[in-house]
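Enquirer: Make the full structure from the sequences, and use the hints.
Chains as they are written, first to last, in this note's numbering: chain A, 1 to 654; chain B, 1 to 315.
Be aware that a few hints might be false.
What the hints assert, rightly or not - Listed next, with one range per pair, are the computed distances between beta-carbon atoms:
hint, chain 1, residue 1, chain 2, residue 2, range
1, B, Gly289, A, Met641, 49 to 57 angstroms
2, A, Val359, B, Glu302, 33 to 41 angstroms
3, A, Phe408, B, Ser272, 34 to 42 angstroms
Claimed, not checked - Part of the chain A face toward chain B, derived, beta carbon under 8 angstroms:
hint, residue
4, Arg19
5, Val205
6, Gly300
7, Gly304
8, Thr398
9, Leu401
10, Gly403
11, Phe600
12, Ile601
13, Gln608
14, Arg612
15, Ser615
It should be emphasised that the hints constitute simulated quantities derived from the structure, not laboratory data.
All figures in this text were calculated on a predicted structure; none of them were measured in a lab.
Every residue, glycine too, gets a C-beta built ideally from N, C-alpha and C.
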Amino acid sequence: MNIAPTETLRSDFRFDDARIGQFIIAAAAAVALLRFQLPESLVRPPDWLVLPFADWINAAFGFIKDDLGFIYATRAFASIVEWFLDVTGNLLYGRNRWPRIGPLPWTTIAVTAAVIGYALNGWRLALLCGGTFVWIALMGQWKWAMETLSVIVVAAPVSALLGIALGIAAWRRQYVERIINPFLNIAQSLPHFAYMIPVVVFIGVGPKAGAIVTMIFAAPPMIRMTLLGMKKVAPEIVESGKMCGSSGWQLLRHVRIPSARTEILLGVNQVIMQCLAMVVLASFIGMPGLGQKLLQLLQGLKIGRSLEIGITIVLIAVMLDRCSKAWVVKQPKHFERGTPWYARHWILVAWAALAAGTVALSLAWPLADQIPRKHALTVSREADFLVDWFVRLVDPVTQWLRGFLIRFVFIPMRDAYLWLPFVSVLAFWFGLGWIVGRWRSALVCLGFFGMIAMSGWWDRAMITAYMITFSVLIAVAIGLSLGIWASRRESRAKFALLVCDTAQTFPSFIYLIPVVMLFGVNDVAAIGAVITFALVPFTRYTIEGLKGTPSELVESSAMCGASYWQQLWKVRFPMALPTIAVGLNQTIMFSLFMVIIAAFIGTQDLGQEMQRALSSTDVGKGLVLGFCVAFMGLMADHLIMKWSDSRKKALGLN
Amino acid sequence: MKYLGKAAAAAAIAAVPSWAAANSSDPIIIPLHNWSSQIVMSNLVGTIFETAGFNVEYVTTDSQAVYESIRLGDVTLELEVWEGAFGVAFNEALAKGGLHDAGDHEVSSREEWWYPSWAGEACPGLPDWTALNDCAHLFATPETGDKGRFLGGPVDWLKHDQERAEGLGLNYVVVNAGSAAALWAELAAAEKANRPILLFNWTPNFVEAVWDGAFVEFPPYFEGCKTDASLGINPDMTYDCGNPTGGYLKKAAWDGMEENWPGAYAILKKVSFTNANVAEMAKLVDIDGMEPEDAAAKWLEENEEIWKPWIEGMS
Chain A
1 MNIAPTETLR SDFRFDDARI GQFIIAAAAA VALLRFQLPE SLVRPPDWLV LPFADWINAA
61 FGFIKDDLGF IYATRAFASI VEWFLDVTGN LLYGRNRWPR IGPLPWTTIA VTAAVIGYAL
121 NGWRLALLCG GTFVWIALMG QWKWAMETLS VIVVAAPVSA LLGIALGIAA WRRQYVERII
181 NPFLNIAQSL PHFAYMIPVV VFIGVGPKAG AIVTMIFAAP PMIRMTLLGM KKVAPEIVES
241 GKMCGSSGWQ LLRHVRIPSA RTEILLGVNQ VIMQCLAMVV LASFIGMPGL GQKLLQLLQG
301 LKIGRSLEIG ITIVLIAVML DRCSKAWVVK QPKHFERGTP WYARHWILVA WAALAAGTVA
361 LSLAWPLADQ IPRKHALTVS READFLVDWF VRLVDPVTQW LRGFLIRFVF IPMRDAYLWL
421 PFVSVLAFWF GLGWIVGRWR SALVCLGFFG MIAMSGWWDR AMITAYMITF SVLIAVAIGL
481 SLGIWASRRE SRAKFALLVC DTAQTFPSFI YLIPVVMLFG VNDVAAIGAV ITFALVPFTR
541 YTIEGLKGTP SELVESSAMC GASYWQQLWK VRFPMALPTI AVGLNQTIMF SLFMVIIAAF
601 IGTQDLGQEM QRALSSTDVG KGLVLGFCVA FMGLMADHLI MKWSDSRKKA LGLN
Chain B
1 MKYLGKAAAA AAIAAVPSWA AANSSDPIII PLHNWSSQIV MSNLVGTIFE TAGFNVEYVT
61 TDSQAVYESI RLGDVTLELE VWEGAFGVAF NEALAKGGLH DAGDHEVSSR EEWWYPSWAG
121 EACPGLPDWT ALNDCAHLFA TPETGDKGRF LGGPVDWLKH DQERAEGLGL NYVVVNAGSA
181 AALWAELAAA EKANRPILLF NWTPNFVEAV WDGAFVEFPP YFEGCKTDAS LGINPDMTYD
241 CGNPTGGYLK KAAWDGMEEN WPGAYAILKK VSFTNANVAE MAKLVDIDGM EPEDAAAKWL
301 EENEEIWKPW IEGMS
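Expert: In structure tokens form, the structure reads like this:
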């Protein structure tokens, strides 16, 4: 492990490392300046370097699918999933399948949600849960919302169980962990679309494909959290379990898993949120529900209606997040021996009574059963009016901004990125890697970016890179100012963190609504969405970093007579840098995801090609493009985490 | 599920009239895409099926990938197969087997680069394509610099406009709109600013009723234009021709449809719309701002004489 050279910690040995890196970067710049003298093979990856990865992947998939008959296995699995979806579909929105008793009255579902909320965290959560469903019913979105929820209800438990099983396997056997880890790294940095293409090939389109892609997408964080939780279980607890004579399984079931409860439930929270994000996006492969409606409305530029759907999705996200987080904090209750079961489970009894009551009510009064669309409220006309007024009001500004950005920022920047010879870019990353972590990091960077050069999508990747660079720069500038502003007072910080937390639960799709409203469908809108989405984690980590400075340091600097700004720049900011770096890492990841999603509003980068690949169900191309995105993310991740680690060590933090 | 469905069908034999006996209670799955007439037409035919007693479900899918899904039976049918945009995907799936041609609409379709009247006034050489290069500056935008901009449809329509621009040596950049609605929004904005615009359009469509304009006349389409570089006016490139004129608009069906829902299949074979019908469906949504479901209901209410005969003797 090598430490990055800094002003304060510089030994001769490390000094040399930095010099080598700087020298390589300088050489890269020199090569770039000589671009017109360079042979073409140094400017763009030559043909012999570009390998037909897509064809290989397609051949491999074809072999697995047709020759090994894997498609029968996946189709069989899909029909099991479909059976579950049919059941939830029937109960929630009356799909004409077994058990044919649905749809349940909306009042029953709202009451059930409220009772769950009450059981988890009292009246306020009950109000949020019940209120969400009342809003959905009144706005006439019941069927769409239930279509979405019917998939989450199936996908989230499967995904969580899968994650727990794999997490435990990885914890028990070191080699499993070693195999799984690189897969997890890649899986968590692959854009959503890359998951969809193989699923379309193996499963097809529609709700079951949506459910399966959701399960796969949401499992990795659960694996991570389970592994983390199992590793953290104190040996004393396990020891005492052994002393009680527990068998291996009992030890796992009654000692280890309960001790790792917090981590596992945090994993469940992540699974649920990931499920929601993916279910909404899966509308691209025929998943019905809120996401599909939102996609149609956004494409039809009907902003008022899409705002209504957006509010619903946000309410559902906040509700699911609050409930699952409340579950994390809630400790199991223990009753005295001899307490009768109805006292132990009084909430369950109350729920049964309420549910029966609402069913009876819905029999007597049909509006308590289903609210037909013509009775539903809508604020879309008013919303459209307001939005229209607002858009017209700011139109001169947005038009000017759009023209300015395109003419003087985006186009020159894109041309500059495309102008760079690829050897310079590779050498630059190699040099930067050397500065951060010597030859090891240098090789990692070269490997990741070299693969992009070999994929044959260099130009598209550079367009993505320019969009990411610009968005991250702006997000960092705004996030930093917001973070500094918010961390000055405790109350502000609390408020800002609450806003960030809430905004982080929104599915990424939501962020497209305001930008499409303001800028229409073009590059500026896409980049606007990326900035807004990426801003959230950065602000959050900046606040946490600045707040987390050890109080002794702050005090001693105050005693030295440092002013607020001196304290900020000389003490708190340097101490917060490692934490802020983690924020930067997430910002880059989030930008990469968003830039790909934003492709459907018309960009020219990897995302557009990925949508084409989805259209022609070209697995090979889709995965190659997905890997290009993942490799950019992984490279940034490697550089930042390495730097942050060595920095933390140098500062004596944890 | 298949078994359950069959059991239900068997149980139904005793209860319902003979024609329905063989029809499965499994839902007929109808795909929806990203342009209005298709969504309305799908809802409309779906409603007709429901009137005749079938279960119907809708899925939103990609308009190219849908043929693979029909082939595998994941989706049952497709109501708008436009020759220009989807002919290739349709023929590929047809060759692999699993779906078949379920007849044409009474429509003569055309998909081509199109310009509104004010653009024609600014560039008098049009509609001949050779005038395009002289007028490129008129169609330029900040995004495209000194080249002209052609606003294409969403990428999943796979229109090969960029290839055509290269094949014919046009000084134009293709920018893809995110959806059909984005095309019309740009057109309306261009009208307000009296700015010439060149964009993708097709007929039948509601656009002809709202805006005056014309298609660009490219060198006529010929067999092999898309595959054989040596043919056509550019000996080194493919796509040196226009889209076919008078193309078909047909319906496609999964091979299993006739067996599973013979009644619905018979209706599908009879379904046929005209240019005016298709344009009307698009207009209800794009101009009148109705929800596709409501637009379908309205159309059915007003045009009973067209569709009632299709289900006669069935319900």
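Enquirer: Would you mind marking each hint as holding or not holding in the structure?
Expert: Right, here's what the structure says about each hint:
no.	hint	result
1	Gly289/B to Met641/A: 49 to 57 angstroms	holds (50 angstroms)
2	Val359/A to Glu302/B: 33 to 41 angstroms	holds (40 angstroms)
3	Phe408/A to Ser272/B: 34 to 42 angstroms	violated (54 angstroms)
4	Arg19	violated (42 angstroms)
5	Val205	holds (5 angstroms)
6	Gly300	holds (4 angstroms)
7	Gly304	violated (10 angstroms)
8	Thr398	violated (13 angstroms)
9	Leu401	violated (12 angstroms)
10	Gly403	holds (6 angstroms)
11	Phe600	holds (6 angstroms)
12	Ile601	holds (4 angstroms)
13	Gln608	holds (6 angstroms)
14	Arg612	holds (5 angstroms)
15	Ser615	holds (4 angstroms)
Violated hints, in rising order: 3, 4, 7, 8, 9; the structure is consistent with all others.
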